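Q: Take a look at the letters that make up each chain.
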Amino acid sequence: MRPKVEVRSLNAWFKANHALRNVSLTVPANTVLAIIGPSGCGKTTFVRCLNRMHELVPGARQSGNVLVDGQDLHARRVDPVNLRRRVGMVFQRANPFPTMTIFDNVVAGLKLNGVRGDYPVLVEKSLRQAALWDEVKDRLRHSAISLSGGQQQRLCIARALAVDPEVLLMDEPASALDPIATARIEELIRELRESLTIVIVTHNMQQAARVSDSTAFFYMGELIEHGSTEQIFTNPRESRTEDYVTGKFG
Amino acid sequence: MNSLAARRAVNWIMTGLCALALAVALVPLVSLLWLVISRGFAGLSWSFFTAIPAPVGETGGGVGNAIAGTLYIVGIACAIGVPLGVGAGVYLAERGDTRLGDAIRFIAEVLSGVPSIVVGIVAYGLVVIPMRRFSALAGGVALAVLMVPTLARSTEELVRLVPHALREASLALGVPQWRTSLRVVLRTALGGIMTAILLSVARASGETAPLLFTSLNNQYWNWRADQPTASLTVQIFNYAVSPYNEWHDKAWTSALILLLLVGSLALAGRLVARRRVR
Chain A
1 MRPKVEVRSL NAWFKANHAL RNVSLTVPAN TVLAIIGPSG CGKTTFVRCL
51 NRMHELVPGA RQSGNVLVDG QDLHARRVDP VNLRRRVGMV FQRANPFPTM
101 TIFDNVVAGL KLNGVRGDYP VLVEKSLRQA ALWDEVKDRL RHSAISLSGG
151 QQQRLCIARA LAVDPEVLLM DEPASALDPI ATARIEELIR ELRESLTIVI
201 VTHNMQQAAR VSDSTAFFYM GELIEHGSTE QIFTNPRESR TEDYVTGKFG
Chain B
1 MNSLAARRAV NWIMTGLCAL ALAVALVPLV SLLWLVISRG FAGLSWSFFT
51 AIPAPVGETG GGVGNAIAGT LYIVGIACAI GVPLGVGAGV YLAERGDTRL
101 GDAIRFIAEV LSGVPSIVVG IVAYGLVVIP MRRFSALAGG VALAVLMVPT
151 LARSTEELVR LVPHALREAS LALGVPQWRT SLRVVLRTAL GGIMTAILLS
201 VARASGETAP LLFTSLNNQY WNWRADQPTA SLTVQIFNYA VSPYNEWHDK
251 AWTSALILLL LVGSLALAGR LVARRRVR
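First to last, the sequence lines map onto chains A and B. Start counting the first sequence at 1; every next residue gets the next number (our numbering). Start counting the second sequence at 1; every next residue gets the next number (our numbering).
No wet-lab data here; the hints were simulated from the structure. Computed from a predicted structure; not experimentally measured. Be aware that one or more of the hints could be misleading.
In silico contact screen, one side only, chain A against chain B (beta carbon under 10 angstroms); selected entries [said to hold, decoys possible]:
1) L56
2) D79
3) R86
4) M89
5) V90
6) G109
7) G114
8) A160
Every residue, glycine too, gets a C-beta built ideally from N, C-alpha and C.
Just chain B, same shape as in the assembly (with noise of 0.2 angstroms):
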C-alpha cells in the first residue's frame, strides 16, 4: 500500500485533481473576459472613448463623458473613504482594543454587508434629497460608503502585521507614538494598504445600484460636483436595457472598457506597490 509507486500515483491524481479544479475556476473568469472581448472589440474606437453619447437613431457616438464622470465620482469617493477607511484601521489597529474598538469593528462588518442599493438610498437620503438634485457628490458619497468598511478592515489587518519590534525601534529612538503610527507603521503597511485601496476602487468603479438615484446620468460633460454625472455603469445598464440592437452594441464596448479601466488599475497599483527601495 505505502509502496513508492502507489505514493506517486496517490500523488499525481491529487496534483491532476488540484489542476482540473483551477481549470473549472478560470472557466467563468476566461468566458467572461472573451464574451466582453468579442462582442466589445467591434466597437471600439477612438471616438468612442473621446465623443459623448448620440441621440437614439443617430450612429456614432461615444462614452467619453461616462469614462471621465466614473473616474470623477471615483475619484471623490476615493477623498472622502480612503481618509476614512484607513483611518479607521489604523485606529483600530493601534488603539482598538477597547469596547469603542469593538464597536467599531461590528459597525463596519455590518456596514460590509449591507447591499449597495440600499448604501444608495442612504446617499440619497443624506446628499440628494438636502441639495434637491442629482449630483456627482451623492455618487461619490454612496461609492464612499462603500469603500470604508472593508478599507478599514483590511488596513486593520495589515497594520496589525507588521512586526511589534519596528514600533519599539521607532518608539526607542524618541518618536513619539502618533509619529510611530504614521510614519513608521503606516509606512511599513503601505504596500498592502495600496492594494487595499484598489482594490476596493475596482469594486466601487464597477458598481451601478447606488449611482443609480445619486449620481443619476448625464448626456454631457460635467465636472461640477453638484450636478448629475454620467457613469460607465449606469450608461451600460441604460444601453443593455434600451430596445435598440446598436445600442446593444455600445453597452458591450462599454463593459470593455470598464474592465480595462479597472484592470489597468489594479495593475497600476501593483507597480506602484512594487516600486520600493532596494
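If we strip away everything but chain A, and leave its shape as in the complex, we get (with noise of 0.2 angstroms):
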C-alpha cells in the first residue's frame, strides 16, 4: 500500500528530556494507526510532532524526518502552518471556540484563514461526517458551549474536516467521554477511514484493537513493537508488548 505518513528516525526533546528515540514508522494511506503505552511514554510527543505543534512548546525541539505524501514537510523551509491544513488535529479535551456558535466554530479554519466558500454547505457535509448534524441541525447559531462533552468533541472533529486534511491525528479523543459518546467516535473513525488516513493515540487497548488497522507500542519513549494490529495483540514479538496489551504493567 501507498505510505502516506513516512517517520524517519524522529527524535524529540523538551529541554534535556529526550521525549522520543529515534522512531521510524510508516503510515498506508486510509488506514488507521493506533498508539498504544502506558503514560509519559512519548504517544502525545509523538503525535505532536506529525504536525509540528511540539516545536511550540518553550524549550522544545525535534530531529528526524516527517513525510507526508514523500514531501518532507518538516524541512525548514516549509511552513507550520500548510502543513497543519494538511495534518489536522483532535485533542484529548474537547476545545471548542466559546465565543462562536457551532457553525462558526465548524468553519473556524477557514474564516480565521479569511478562505471564503460556501459555509452552510460545508458546515452540513462537516457536521454529517462527524455525525453530529442530526443532533445539532436546529441550533447552528447556538452556542458551542451549549453542547455536551461527547457533542463538543465531535463539533472539534468537524471542525478538523472541515479544512479538508489528508491525515487525522487524534489525541485520545475519547479518553474524557461516556461509552456511548465513546463508540460513536469510534464509529466515526471507521468510516473517516475511507477518506482519510488517521492516526490515534490510546490509553484504551480495546478501542485499539477496535478501531487500527495497525498498532505501535512505546515504551520510554522508544518505538517497542510496530505491526499490524491483530499480530500486535494476538501474536507479540517482543515480551514488553506482550505485559503490556496483557495488562501486566502500565
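Please dock the two separately framed chains into a single complex, following the hints provided.
A: Written as C-alpha cells, this is what we have:
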C-alpha cells in the first residue's frame, strides 16, 4: 500500500529530556494507526511532532524527517501553518471556541484564515461526517459550549474535517467521554478511514483493537513494536509488548 | 465546645460581622451618592445639558460644552490609549516572557504609580509647549498616558486567562500565530477587556489635574483638537473654587452629571460585554 506518512528517525526533546528516541514508522494511506503505551511514553509527543505542534512548546526541539506523500514537511523552509492544514488534529479534551456559534466553530479553520467558501454546505457536510448533524441542525446559531462533552468532541472533529485534511491526528479523543459517546467516535473513525489517514493515541487497548489497522507500542520514548493490530494483540514479538497488552504493567 | 449549637452561634456571629463590614464599606458610597444627588438634583434642567455657561452675574446657562468636551477629550484619549494599552497587554501575555517583557511590565508598573498631575505636566511639555497652545489633543494625550499602563496590565492578565487549549485548537487548524492571537485569544478575552477599557475610561473622565494645564477650559463649544476645550471636571473645579453660591450649586449639578456619565458608561460596557452568542 502507498505510504501516506513516513517517519524517519524522529527524535524529540523537552529541554534536556529526550522524549522520543529514534522513531521510524510508516502509515499507509486510508489506514488507522493506533499508538499505545503507558503514560509518559511519548505517545502524545509523537503525534504532536507530526503536525509540528511540538515545536511550539518553549524549549522543545525535534530532529529527523516526517514525510507526507513523500514530501518532507518538516524541512525548515516549509511553513508549519501549511502543514497543519493538511494534517489536522483532535485533542484529548474537546476545545471548541467558546465565543463562537456551532456553525462558526465548524468553519473556524476557513474563517480565521480568511478563506471564502460555501459555508452552509461545508458545515452540513462536516457535521454529517462527524455524526453530529441531526443533533445540532436546529441550533447551529447556538454557542458551542451549550453542547454536551461528547457533542463538543464531535464538533471538534467536524472542525478538523472542514479544512479537508489528508491526515487526522487524534490524541486520546474519547478519554473524557462516556461509553456511548466513545462508541460513536469509534464508529466515526472507521467511517473516516475511507477518506483519510488516521493516527490515534489511546490508553484503551480494546479501543485500539477495535478501530485500528496497525498498532505501535511505545515505551520510555522508544518505539518497541509496530505491526498489524491483530499481530500486536495476539502474537507480539516483544515480551514488553506482550506484558503491556496483557495488562501485566502500564 | 464543638456542639451544633456552638457552631451555629459562631456561624451566625461571623455572618453578622461580614454583613456589618459590608454596611460600613457602603457608608461612604451611599453618602457620596446622596450628597451629590441632593445638592445637585435641583439644578438639573434641559438647558443645563445643552447651554453653554452663563457669564458671571447672569442666571441660567449650562455645561453642555463641558459634557461634550469631556466626551471629546476622553474619545481622543481612547483613540490613542486603547490600541496602545491593549496591544501592549497582548504582547506581554503572548511574547512577554523575555527581558524586554519584564522591562515593559516594570515601566508600566512605575507609570501607573505616577501622580496624575505629573502626567499633566509631561503632556504640557510634550504637546502644549510645542503647539504653543492648550488643546483637547494635549488633554487626550495626558489621559491616554494614564490609561495605558493599567489597561496593558489588565489586558495581559485577561489574555493569560484564555485556556491554552484554544490557542492550540486554532494553531492546529493551520491558523498563523498572529491571527490566533487576534481572532481567537483576544476575541475570547474581549468581554473582560471591554470592562477593563470602560473602567479606565471611567477613571480618565474623572481626572481633573492632568486637564488643568493641557486642555484648560473654554466658555464656548469647541470641536477642534488644537483648541482649549471645556471638560466637566475642570468646570466643576472652577465652579467649586469660585466665591459665588450660585456657581457652587452648578458645581454640584455638574458633579451629578459626571456621575451619571461615568455610571452609564460602565452600565453600557456591562451590557455590551454580556451580549454574546447564546
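Q: All hints, please: hold or fail.
A: Against the structure, the hints come out as follows:
With a cut of 10 angstroms, the hint placing A:L56 at the interface with chain B holds, because the nearest CB-to-CB distance is about 7 angstroms. Hint status for A:D79 relative to chain B: holds, with the closest Cβ pair at about 9 angstroms, below 10 angstroms. Given hint, A:R86 at the interface with chain B, holds; its Cβ is 8 angstroms from that chain's nearest Cβ, closer than 10 angstroms. Taking 10 angstroms as the C-beta contact cut-off toward chain B, the hint placing A:M89 at the interface holds, the least distance being around 4 angstroms.
Checking A:V90 against chain B: minimum C-beta separation of about 8 angstroms stays under 10 angstroms; hint holds. A hinted interface residue such as A:G109 counts as satisfied when its beta carbon comes closer than 10 angstroms to some beta carbon of chain B; here the least separation is about 4 angstroms, so the hint holds. With a cut of 10 angstroms, the hint placing A:G114 at the interface with chain B holds, because the nearest CB-to-CB distance is about 8 angstroms. Hint status for A:A160 relative to chain B: holds, with the closest Cβ pair at about 7 angstroms, below 10 angstroms.
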